[in-house]
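Chains as they are written, first to last, in the numbering used here: chain A, 1 to 233; chain B, 234 to 495; chain C, 496 to 900.
Keep in mind the hints are simulated off the structure, nothing from the lab. Any given hint could turn out to be false.
[Stated by the list, open to error] DSS-like cross-link-like pairs, simulated, lysine-lysine; straight-line CA separation at most 30 Å:
hint, chain 1, residue 1, chain 2, residue 2
1, C, 628, C, 674
2, B, 460, A, 122
3, A, 202, B, 493
4, B, 235, A, 121
5, B, 305, A, 122
6, C, 741, C, 628
7, A, 230, A, 176
8, A, 122, B, 235
9, B, 493, A, 72
10, A, 72, B, 242
11, A, 176, B, 235
12, B, 305, A, 121
13, C, 628, C, 542
14, A, 72, B, 318
15, B, 460, A, 72
16, C, 719, C, 897
17, A, 121, B, 242
18, C, 618, C, 511
19, B, 242, A, 122
20, B, 235, A, 72
21, C, 719, C, 741
22, A, 165, B, 305
23, A, 176, A, 208
24, C, 542, C, 529
25, B, 318, A, 122
26, C, 897, C, 628
27, A, 176, B, 318
28, A, 121, B, 387
29, B, 460, C, 707
30, C, 674, C, 707
31, C, 707, C, 676
32, C, 886, C, 719
33, B, 318, B, 235
Spelled out from the first residue to the last, the chains are:
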Amino acid sequence: MITLNSVSKRWGRNEVLRDIDLTIEEGRVISMLGPNGSGKSTLIKCILNLVRPNSGTITVNGIPSTSVESRKDISYMPQVARFAENISAIRLIQLISDIRGVDADPTQLIEYFNLEGHMSKKLGVLSGGSRQKVSAVLAFLFDSPIIILDEPTVGLDPVSRVNFKRLVLEEKERGKTIFFTSHIMSDVEEVADEIAFLLEGKIVYQGKPEELIKSTNQPNLEQSIAHLLKAEA
Amino acid sequence: MKTIWSIFKFVFMDNLRSVWAIAYTLFIALSTYALVYFTGSFTRGVVSIMNIIILITPLVSTMMTSMYFFNKTDFLFLLLAQPIKRSHTFIGMYMGIAVMLALSVGFGLALGMAMSAPRIEDIQVLLLLMLTGVLLSFIFSGLAFLIAIATRDKLRGIGMALSLWLFMAVIYDGLMLMYFIVFSEYPIEEHAIILSLLNPIDLSRIFIMLQLDVSALMGYSGAVFQKFFGTGLGVGVSIGAMLLWIVVPQFLFVYRARRKDF
Amino acid sequence: MLNGRTLEVCPSCEFKDVQSAYAFASDGDVLLIKQGVYTVSELIVEKAISIRGEEGAIFDGNGSTILYIHHDSVSISDIQLRNVSTNYIEDRAALKCNNSDYLVIRNVVVRHSFFGILVEKSKHGIIENCDVKGDATTDSYLESSNGNAIHLWYCKNMTIRNNQIRNHRDGIYFEFVDKSKIENNWSESNMRYGLHFMFSHENEYRGNTFHKNGAGVAVMYSTKVVMENNQFVDNWGTSSYGLLLKDITDSRLSENLFANNTIAISADNTMRCSIENNRFDGNGYAFRVMGNCTDNVISANDFLQNSFDVTTNSRSNYNDFTGNFWEEYSGYDLNSDGIGDIPFRPVKLFTYIIAQSPASIILMRSTFIDLLNLAEKVTPVLTPESLVDIKPQMKLINDHLKLSF
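Just chain A, with the same shape it has in the complex (with noise of 0.2 Å):
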């Protein structure tokens, strides 16, 4: 469970997040959705530490997300994976493994998306696709309690978004916590329970996509997003 709790940032004098509190609770796939510069990725990062919040506070089951250890719970797979140039796939899954400590094998998740013939490559020559799904290994491999995904999708084939989905979705039945930031719609009705709707740094909504799109009148979450963004301007 993620616990935010009335958190704020700004950079300089553009406020970036603004009084939010969100609770991401255990075994839900939670995705957050919002305009280009509505503040997700500052609210990633904020959960990861890599930013820290002017004010309010942020758990990560129980334990504030300033200690180290609030990250042995979370994996994370970032929007863009150039990692490295001139090491090989396997090389990189090594390295975060001994840095977490945690002896895991790749090999069932290598197949699964089918990389076995890319593992040994320079991460440098792999396609932009190839790395993502490197990087989604990398997400799922240490069977950590919550995992966050920024744009997962992008840049995926279609057969690679499919099996990704119902990755997510076993992941999910296997009581983790995913929480994702995604502008493809149809991935997010297909996966998620809730959505978080950010807008200049304030959540605007939060609850079930099928509730949005009945509370907006919408056929489906694309349009409700729209009305939405409509009401609001």
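On the provided structure of chain A, position chains B and C as indicated by the hints.
Here is chains B and C on its own, set in the frame of chain A:
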């Protein structure tokens, strides 16, 4: 420690296999060889080789470090999201880059020398040049790291690193010269020594120059410099100053990194 | 010369010692010294005799001067002289000669001697193939405890050649010596000067080597000096010169090699001298010229690998630097006549700065200084504008001048 070692190994290997590292090593090797070849002897080429070491090593070190830092933000985020201390991440990364740079210089020099069939007497000067190159690599890589962590913006970070190099390599000496001319009526040899201890590039240059026995050229002042830098105390203080130039920026960037938003 | 007798000296000979043989001898006789060590102390030679040693003949001075020579046409040869101690009242020497014209000193070995060979008021003498080695080292500071190896005072038409001279105060010392020749000597590791002369005119120095002397070679207050084919090598130290010229006029220096000296030539109040076809290689300063030097011609020399080629303390220049080879010259020669198309300015701004503020030498080889020198070269502000070589040579001129050891 284990995490630092793992990160160091990864960053080191990543850099080691880059085209840049190979090009840099070959550049040092070939210019050493060429200078020895064209001047006919190592002893004669050594001043030019020294100039390459004390100018190019800091420049390449600052640039490669800045580039690595700013081009690998995804990797940095991935590391920072892991359950490890920030200081471990940064020290591991710094070491990975700095050790690769230092090895490139050292190996390049050794290779260039080996190609030009050295004499036993030249080995001592070569070792001194290698030591200088290694220390300067660590120093300027650390300073570039500090600048990179202290700035947000890639362009500004690289610009500042370049300015720092320019200041240390050129402008500082200009200011020093102005000082000497203004106070030329006074015995300022001690000031000259202190001022040179404050700039690792100057310190390296003077140290090598005095080893080359040009102190006789320097008259009374040279005798004062030789008296300081030629003693155990002088050598100790010089090495100490160089080590401080390595350690202090590390402390600063670790301190700064703890408080930084990425 | 009379066809004299040969008087043999040895423990079993008719003459047991040198003194008794000398007492018996008359002009034209030869004292032949057989193998053995003979104590000879302050023996005064006033006859035109020859003293010649066989293999292993040694005169031991036991602290005092060995031979005083006060006569013309004396010849000393093939003998070793040793043990003449330092004395602060009189200048003791292995051989002390006074008013001795047509003196011949040949194949004499001198060891552990205060002065080596000291000649006063003599003409037409020759000192050759001698080997004089003292006990001085360039590290010891007591100059006065060591005398000169070959010391001439008020002499004329002397020849000094093929001698080996080491570890004395000055190697060869001339004062008021004229029209003499100093050829093919080797002067090394002397405390002060390898060669030192003052008030000595119309002398010729050829084929000598001056190596690792404490302060190099000093020539002062003399005119019409010729120095050719000498080597000035490794005279390196805080106050060391290859060649120090002071008050020298109408002289000629050519075909000399200056290598690895702190200052190859330092010229003070030197006038109408020609410095041509010399090679300056690997010196700290190749040529230091004071503002009081005028009308000298510096031409067809090679300047290679010197830290500074030319330095001066003045902003004006009255000497002619034309047609030298400067290794640092970076000009071009479009019409291929062997002469660079743009002039070369050998004086660097930095040397001028050092003269003003000696501590700034700590910036030597700094990039900033290199840039400053370059700027000054393009537009001279502080360095003498007329000190310029308008015909810099594109190729080495004196490549045949190589170290002979």
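How the hints compare with the structure:
1. Under the criterion of a C-alpha separation no larger than 30 Å, the hint pairing residue 628 of chain C with residue 674 of chain C is consistent with the structure, at around 26 Å.
2. For a cut-off of 30 Å, the pair hint linking residue 460 of chain B to residue 122 of chain A is broken: about 54 Å separates their Cα positions.
3. In summary, the hint linking residue 202 of chain A to residue 493 of chain B is supported, as the alpha carbons are separated by about 24 Å, within the 30 Å threshold.
4. About 26 Å separates the Cα atoms of residue 235 of chain B and residue 121 of chain A, which keeps this hinted pair within 30 Å; it holds.
5. Restraint check for residue 305 of chain B and residue 122 of chain A: satisfied, since their Cα atoms lie roughly 15 Å apart, inside the 30 Å limit.
6. A C-alpha spacing of about 28 Å is found between residue 741 of chain C and residue 628 of chain C, which places the hinted pair at or below 30 Å, so the restraint holds.
7. Pair hint residue 230 of chain A plus residue 176 of chain A does not hold up; C-alpha atoms about 34 Å apart against a cutoff of 30 Å.
8. A threshold of 30 Å between alpha carbons decides the hint, and for residue 122 of chain A with residue 235 of chain B the separation of about 24 Å falls inside it, so the pair holds.
9. Using a Cα cut-off of 30 Å, the hinted pair residue 493 of chain B and residue 72 of chain A holds, with the two alpha carbons roughly 21 Å apart.
10. A distance of roughly 22 Å separates the Cα atoms of residue 72 of chain A and residue 242 of chain B; the hinted pair therefore holds under the 30 Å criterion.
11. The hinted pair formed by residue 176 of chain A and residue 235 of chain B meets the criterion: a straight-line CA distance of about 29 Å does not exceed 30 Å.
12. The hinted pair formed by residue 305 of chain B and residue 121 of chain A meets the criterion: a straight-line CA distance of about 19 Å does not exceed 30 Å.
13. Taking the CA atoms of residue 628 of chain C and residue 542 of chain C, the gap is near 28 Å; set against the 30 Å cutoff, the hint holds.
14. Among the hinted pairs, residue 72 of chain A with residue 318 of chain B is consistent with the structure: their alpha-carbon atoms are about 12 Å apart, no more than 30 Å.
15. Distance check on the hinted pair: residue 460 of chain B and residue 72 of chain A sit about 58 Å apart at the alpha-carbon level, beyond 30 Å; violated.
16. Distance hint between residue 719 of chain C and residue 897 of chain C is fulfilled; the C-alpha atoms sit about 26 Å from each other, no more than 30 Å.
17. In summary, the hint linking residue 121 of chain A to residue 242 of chain B is supported, as the alpha carbons are separated by about 18 Å, within the 30 Å threshold.
18. As the CA atoms of residue 618 of chain C and residue 511 of chain C are separated by approximately 33 Å, the hinted pair breaks the 30 Å bound.
19. For a cut-off of 30 Å, the pair hint linking residue 242 of chain B to residue 122 of chain A stands: about 16 Å separates their Cα positions.
20. Restraint check for residue 235 of chain B and residue 72 of chain A: the C-alpha separation of about 17 Å stays at or below 30 Å, so the hint holds.
21. Note on residue 719 of chain C and residue 741 of chain C: the hinted pairing holds, with a Cα-Cα distance of about 13 Å set against a maximum of 30 Å.
22. Under the criterion of a C-alpha separation no larger than 30 Å, the hint pairing residue 165 of chain A with residue 305 of chain B is consistent with the structure, at around 28 Å.
23. Simply put, residue 176 of chain A and residue 208 of chain A have alpha-carbon atoms about 18 Å apart, close enough for the 30 Å limit, and the pair holds.
24. Of the supplied pair hints, the one linking residue 542 of chain C and residue 529 of chain C holds, its CA atoms being roughly 21 Å apart against a limit of 30 Å.
25. For the proposed pair residue 318 of chain B and residue 122 of chain A, the alpha carbon gap of about 27 Å is at most 30 Å, so the pair holds.
26. A C-alpha spacing of about 26 Å is found between residue 897 of chain C and residue 628 of chain C, which places the hinted pair at or below 30 Å, so the restraint holds.
27. Under the criterion of a C-alpha separation no larger than 30 Å, the hint pairing residue 176 of chain A with residue 318 of chain B is consistent with the structure, at around 25 Å.
28. For the given pair, residue 121 of chain A sits about 29 Å from residue 387 of chain B by alpha-carbon distance, which is consistent with the 30 Å threshold.
29. Distance check on the hinted pair: residue 460 of chain B and residue 707 of chain C sit about 22 Å apart at the alpha-carbon level, within 30 Å; holds.
30. Among the hinted pairs, residue 674 of chain C with residue 707 of chain C is consistent with the structure: their alpha-carbon atoms are about 27 Å apart, no more than 30 Å.
31. Distance restraint check for residue 707 of chain C and residue 676 of chain C: the Cα-Cα separation of roughly 22 Å lies within the 30 Å cut-off, and the hinted pair is therefore satisfied.
32. Pair hint residue 886 of chain C plus residue 719 of chain C holds up; C-alpha atoms about 28 Å apart against a cutoff of 30 Å.
33. Under the criterion of a C-alpha separation no larger than 30 Å, the hint pairing residue 318 of chain B with residue 235 of chain B is consistent with the structure, at around 12 Å.
Violated hints for the displayed structure, listed by number in ascending order: 2, 7, 15 and 18.
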